[in-house]
Each structure stands twice: as C-alpha cells, then as structure tokens.
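Number of protein chains: 2
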Amino acid sequence: MGEDQELFHGGDLGAARRLFPGAPEPFIDLSTGINPYPYPVPRVAAELFARLPAPADVQALARAAARAYGAPSEAQVVPVPGTQIVLPIVARLAPPGRAAVLSPGYAEHGRAAALAGHKVEAVSRLDDCGDAALVILANPNNPDGRLFARSDLLALAADLRRRGGVLVIDEAFMDVTRPGWSLAPDTAGGNVIVLRSFGKFFGLAGLRLGFAIAAPPLGRKIAAAFGPWAVSGPAIAVGTQALSDTLWIERTCVRLDKSAQRLDAMLADLALPLVGGTSLFRLVQTPAANALFQHLGEAGIWVRAFPENANWLRFGLPGNEAAWKRLKTALVAFW
Amino acid sequence: MGEDQELFHGGDLGAARRLFPGAPEPFIDLSTGINPYPYPVPRVAAELFARLPAPADVQALARAAARAYGAPSEAQVVPVPGTQIVLPIVARLAPPGRAAVLSPGYAEHGRAAALAGHKVEAVSRLDDCGDAALVILANPNNPDGRLFARSDLLALAADLRRRGGVLVIDEAFMDVTRPGWSLAPDTAGGNVIVLRSFGKFFGLAGLRLGFAIAAPPLGRKIAAAFGPWAVSGPAIAVGTQALSDTLWIERTCVRLDKSAQRLDAMLADLALPLVGGTSLFRLVQTPAANALFQHLGEAGIWVRAFPENANWLRFGLPGNEAAWKRLKTALVAFW
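Residue numbers (this note's numbering), protein chains in the order written: chain S, 53 to 387; chain G, 53 to 387.
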C-alpha cells in the first residue's frame with residue numbers, strides 16, 4: 053500500500069508514527085469513524101476457527117442482521133467479509149456505462165465503480181445523476197454527515213429502474229442515525245442495494261464483517277461472487293450475538309451521541325467551525341487545518357486530513373479520559 | 053444455500069443430520085480435506101478484533117507466507133480471506149474466451165470461470181487445453197490426488213503466455229506433498245497464479261485465510277479487487293504465527309502421512325480400492341459407494357459423495373481414537 057493510500061484512509065498508526073516519529077506514545081487514533089467502545093468480544097470457541105462455517109450459522113447471522121437493520125427478511129441479507137470488499141462486486145451488477153458517485157464522499161466508492169469498468173463521474177447532488185446506470189452514495193455521508201431523504205432516494209431508485217440501473221447506498225454510519233432514514237426496508241423493489249458495516253458501530257473493524265441487503269435476484273448474485281464460505285467462523289459468532297444485543301445497541305447509541313456532543317463542545321470552545329458528521333466522527337473546516345493536523349500529530353494525536361479539501365479535518369471519538377484530556381490540552385496549546 | 057450445494061461441498065454437518073436424523077451423535081465429519089489436528093489457536097488480543105488491520109501486519113503475514121510457500125518474495129504474495137473467494141477474481145484476469153478446467157476436479161473452479169464470463173470447458177489432460185485463455189487446475193488434484201509435473205505446467209504457462217492467457221494453479225493440498233511440486237517459486241514469469249489455502253493444512257478453515265501468489269502486475273490487480281482490509285485481524289495474527297512455526301509444520305506433515313497410511317490400511321482390509329488422494333483425504337472407487345455412504349451416514353459418519361461419479365467416496369482423516377474406532381466398526385459391519 054502506497055503512502056497516498058495510508059494518508060487517504062484512516063486507522064493506520066504505522067503511517068502516523070512514520071510521519072511524526074517524535075510524538076509521545078501511545079498514539080491516539082482519531083483518524084477513523086470506528087466506535088472506540090467496542091462490543092465486548094465473547095470467548096470464541098476453538099471449533100469456530102477450525103471448522104468450515106456452517107450454512108445454518110450463516111443463516112442465523114443473516115436473521116439477526118435482518119432484525120437489527122430492518123431488512124424485509126433474512127433472505128435479503130448477504131453476510132460479507134467487510135463492506136469495502138463487496139463494493140466492486142455490487143458495482144458490477146449495474147450495466148456498464150456511466151457511474152455517478154456522490155462527492156465529496158468515500159474514496160472507495162469511485163475506485164470500486166472504476167474497477168467494475170464504469171466511467172466514473174463525481175456529482176454533488178442527486179439531481180445531477182443524469183442517465184447514470186449506477187449511483188453510489190453514502191447515507192449518512194462520510195465525511196460531512198449529509199443525510200439523503202428516503203423519498204428522494206426512492207425516486208432516484210425508480211428512475212434508475214426504468215433504465216435497468218442500480219442504486220447502491222452505503223449505510224456504514226446509519227447505526228448512529230435516528231430511525232427512519234435507512235433504505236434497508238425498501239430493498240424489495242429490486243434495484244436498491246444497501247450496504248451495512250458491522251465493524252464501525254460495534255467497534256470491531258478487525259473482524260471484517262458487513263452485509264449487503266438486496267432483493268433475492270441481486271442478493272443471489274452477490275452471494276455467488278463470494279461463494280459458500282464468505283465470512284469467518286469468529287465473525288459469524290460474534291456478529292450474531294452483537295446484532296441481537298438490543299440493550300447494548302441502545303446504550304451505545306446514547307453513549308456515542310453524548311461523546312459526539314462533548315467533542316463538539318470542545319471544538320466549539322476552540323472556535324473550530326463544525327461542518328457536520330455523525331456521532332462516530334465530526335468534521336471541522338478551517339484554513340488552519342493543515343497546521344492543526346501537524347500540531348496534533350506531533351502531540352501523538354492522529355486525525356484525518358483530506359486530499360480533496362485542505363481545509364477539512366475529521367475527528368473520531370476519544371476512547372478514554374486520558375485521550376480526551378490529551379486532545380483538549382493539544383487543542384488549547386494550538387491557539 | 054441449496055441442498056445440491058450442501059452435498060456438493062463437504063463440511064456441513066447440518067446437512068448430514070437432516071439426511072440421517074437417527075444417526076448416533078457426535079457425528080464424525082470425514083467429508084472435508086481439512087486437517088483434524090488444528091494448529092493450536094493462540095489467544096487473540098481483543099485489539100485485533102477492534103482495530104482495522106494494519107498494513108505492517110499484513111506485510112508480516114505476506115513475508116511469513118512467502119517463506120513457507122517458497123514464493124520469490126513477499127511482494128508476490130497477496131493475503132486473501134480464503135482461496136475460494138479469490139477464484140472469480142483471478143478468473144477475470146484472463147482475457148474473456150474459453151476457459152479449460154481440469155476434470156475431475158474442484159467444482160468451484162468451473163463456477164468461478166463461468167462467473168467471470170468465460171466459456172467453460174472441462175478437459176481431462178493438460179494437452180487438451182487447446183487455445184483456452186484461462187486454465188484452472190488443482191495440484192495435487194482433488195479428489196483423486198493427481199500430480200502435475202512442474203515441467204508440464206511451465207510448458208503450458210509458456211504456451212498460454214504467447215496468447216495473453218493465464219494459468220491458475222490451486223495448490224490447496226500442496227502442503228502435504230513432497231517438496232518440488234509447487235509452482236510458487238515460478239510465478240515471476242507473469243501469467244501463473246498459485247493459490248494456497250491456509251485453513252486446510254493448518255486445520256483452521258473457519259479463520260478464512262488464503263494466498264494468491266503472482267507476479268506484481270497480476271498481484272496488484274488481485275489486491276486492488278479486495279481493497280485495503282482483505283483479511284481479518286485474527287487471521288493475520290494466527291496466520292503469521294502458524295506459517296512461521298516450521299517445527300509444527302514438519303511434525304504435522306509426518307502425522308498426516310501416518311494417519312493417511314492408517315486409513316489406507318483400514319480401507320484395504322475392507323477391500324475398498326483406493327484411487328488416490330493426498331495425506332488429507334483418500335478416494336475410493338466401488339460400485340457399493342452409494343450403499344456405503346448411506347451405511348456410514350446412518351452410523352453417524354459423514355463422508356463425501358460425488359455427483360459426477362457415483363462410484364466414488366472420499367474419506368477425510370478421523371481426528372481421534374474414538375472416531376477411528378467408530379469408522380472401523382462401521383466399515384466392518386458393512387460387508
């Protein structure tokens with residue numbers, strides 16, 4: 053992986069340490085939108101590492117995911133080893149042609165569409181999708197948190213359907229959004245694919261687990277591309293338990309909202325203008341972004357800069373009081 | 053997953069229990085070629101479930117795999133979440149056209165080539181590959197254990213290269229074959245892709261880990277299809293440790309060879325003619341195959357039948373003395 057990609061994606065403290073070799077340890081990783089309070093991983097039976105994942109266990113996982121995400125049925129849920137791995141596969145389900153990718157957005161969307169052979173065009177509004185055969189967007193959007201209304205997305209899906217097109221909605225951060233925005237319940241129509249990420253909200257990104265929610269004709273094609281053993285035994289076991297743990301899910305939503313408010317207050321105190329975000333990350337816009345990125349890096353705090361907008365910085369949530377304190381101290385020292 | 057696929061692949065005791073509801077428990081699973089003496093899974097740090105896999109850790113895994121498999125360098129090793137998931141991706145690296153798939157062989161090979169848009173033709177000899185743009189075979193072959201000589205494969209690769217074609221060699225069971233047969237050292241030429249399975253030899257199929265070994269131009273395309281976080285944190289940690297454990301690897305080869313010899317002796321005692329296999333599975337051919345499959349199933353022993361050859365049964369290795377004893381008792385009672 054090149055240096056570009058290291059800066060481009062978050063989550064790689066190796067890159068942080070190369071860039072800021074003198075920074076105090078431990079490095080605080082605020083470069084991702086991953087929940088810093090992970091779901092407590094239950095003891096994984098040795099057997100789950102050893103044997104091939106059983107179809108019945110995959111089905112139980114799909115059932116738990118359908119319930120948690122509001123999919124019409126478990127038959128519309130395809131478990132996959134991370135949503136990012138499924139992007140080029142779903143991009144191939146649209147007829148080759150123009151792909152509209154909402155921008156600013158998640159870099160992997162355009163990359164996946166190009167990989168699938170589409171002519172990729174960045175568009176900034178749903179109305180600009182024109183005659184694209186494939187539209188990919190994140191809802192809520194990353195990094196600015198923009199939300200697309202269900203009615204607008206359903207209208208876009210209907211429009212795409214008339215010309216055999218496909219709408220891919222990456223709901224990687226939908227877990228922390230108030231109910232009613234997800235299109236998971238609306239996937240029966242046939243040309244809408246909703247992607248859900250397990251690792252971000254549950255704080256278990258290393259597990260590699262995600263879901264494609266789609267009507268059976270598309271869902272079967274996605275499943276076929278992965279073959280019979282897409283997801284690891286540990287991911288199936290941990291995922292099934294966590295997605296069924298409604299109490300933990302509710303409490304975590306509250307906890308993340310509170311943490312995001314705390315972060316907002318801290319950024320506001322320093323007069324860093326908030327552009328948007330979700331409860332898993334906050335985006336600020338300032339001409340001092342690059343200087344602040346350097347300053348925080350030297351203080352051992354790794355945040356996310358954006359090649360496409362030099363004035364942006366994205367902050368994930370600190371995971372403990374020591375991290376909050378170091379962030380506050382570093383921010384205060386900047387001005 | 054349909055009933056067909058359940059019988060088609062091994063490893064699903066759910067299917068066994070539906071077919072033989074009265075069988076004594078525990079069911080003994082001899083339907084796969086997975087080592088029944090798994091590598092002892094070390095305690096996986098909670099952090100590896102939580103954070104995104106770090107590029108440096110993926111690199112360490114590739115290095116360990118390059119050493120274990122004899123690849124020219126770690127730059128030629130792409131870690132993937134199971135070899136079966138990589139098959140349609142490598143099949144797409146050949147120009148569209150005829151794909152020759154060695155038969156009898158592993159069903160996923162033909163499925164992957166068809167998924168990638170090739171016209172799939174089953175061929176029984178290397179000489180019959182004709183003008184195919186893609187050739188996929190397993191070496192040693194599954195289920196009959198047939199070995200293809202390196203010189204023949206290199207000649208085929210050279211022939212394919214002249215017309216821009218690609219040779220995919222699935223070495224899923226190469227770990228238990230005497231050294232010198234693998235084409236992993238010969239991948240620098242540019243159009244040979246060697247696939248290695250981690251789960252079978254190390255007995256950790258639930259971990260979902262495999263490797264594509266290919267020259268950088270092809271390897272980069274494979275890596276790009278998976279994106280930056282192909283393999284889970286636990287798979288990276290366990291895989292790196294296991295692939296570096298040369299003592300365990302050597303001892304396991306010996307242990308599996310002895311177990312295979314013990315199984316051969318048992319089958320020979322019952323006059324079941326051995327067709328071939330590897331030290332991870334043995335294939336017998338008998339007109340009584342179907343009756344024996346039923347008889348063993350009713351005794352709680354799940355072996356592998358083949359839709360393409362009604363006279364074949366494949367036996368994996370029993371994992372403990374109780375299983376050996378039950379197998380022997382059931383076999384003796386059959387005649």
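FYI, nobody ran anything at the bench for these hints, they're computed from the structure.
None of the values given here were measured: they were computed from a predicted structure.
Hints are not guaranteed to be accurate.
Chain copies aren't distinguished; within one or between two, either way the pair holds.
Calculated cross-link-like contacts (lysine to any residue; reagent style SDA-like; alpha-carbon spacing at most 25 Å) [said to hold, decoys possible]:
| id | residue 1 | residue 2 |
| --- | --- | --- |
| 1 | 273 | 169 |
| 2 | 310 | 169 |
| 3 | 377 | 340 |
| 4 | 273 | 118 |
| 5 | 310 | 99 |
| 6 | 310 | 210 |
| 7 | 273 | 125 |
| 8 | 171 | 242 |
| 9 | 377 | 359 |
| 10 | 171 | 274 |
| 11 | 380 | 127 |
| 12 | 377 | 298 |
| 13 | 273 | 359 |
| 14 | 273 | 66 |
| 15 | 380 | 179 |
| 16 | 273 | 166 |
Between copies, within a copy, both or neither: which fits residue 380 and residue 179 at Cα up to 25 Å? For residue 380 and residue 179, neither the intra-copy (41 Å) nor the inter-copy (70 Å) Cα distance is at most 25 Å.
Classify it for me, residue 377 with residue 340: is the Cα-Cα distance of at most 25 Å met within a copy, between copies, both or neither? within (22 Å within a copy, 74 Å between copies)
Using 25 Å as the alpha carbon limit, work out where residue 273 and residue 166 are close: within a copy, between copies, both or neither. Close inside one copy (19 Å) and across copies (13 Å); limit 25 Å.
Up to 25 Å between alpha-carbons, please classify residue 380 paired with residue 127: within, between, both or neither. neither (47 Å within a copy, 42 Å between copies)
Under a CA distance limit of 25 Å, which applies to residue 310 and residue 169: within one copy, between copies, both, or neither? So residue 310 and residue 169 fail the 25 Å test inside a copy (43 Å) and across (50 Å) alike.
Go through the copies and call it for residue 310 and residue 210: within, between, both or neither, with a Cα cutoff of 25 Å. The answer is neither: 38 Å in one copy and 63 Å across copies each exceed 25 Å.
Checking residue 273 and residue 359: alpha-carbon separation at most 25 Å within a copy, between copies, both or neither? Cα proximity of residue 273 and residue 359: across copies only (24 Å, versus 35 Å in one copy).
Homomeric proximity label, residue 377 with residue 298: Cα distance no greater than 25 Å: Intra 31 Å, inter 46 Å, cutoff 25 Å: neither.
Classify it for me, residue 377 with residue 359: is the Cα-Cα distance of at most 25 Å met within a copy, between copies, both or neither? neither (28 Å within a copy, 65 Å between copies)
25 Å Cα cut-off: does residue 273 pair with residue 66 within a copy, between copies, both or neither? between (37 Å within a copy, 24 Å between copies)
Can you tell me if residue 273 and residue 118 fall within 25 Å by alpha carbon in one copy, between copies, both or neither? within (18 Å within a copy, 33 Å between copies)
Using 25 Å as the alpha carbon limit, work out where residue 273 and residue 125 are close: within a copy, between copies, both or neither. Cα proximity of residue 273 and residue 125: one copy only (17 Å, versus 35 Å across).
Going through the hint list in order, the structure does not satisfy hints 2, 6, 9, 11, 12 and 15.
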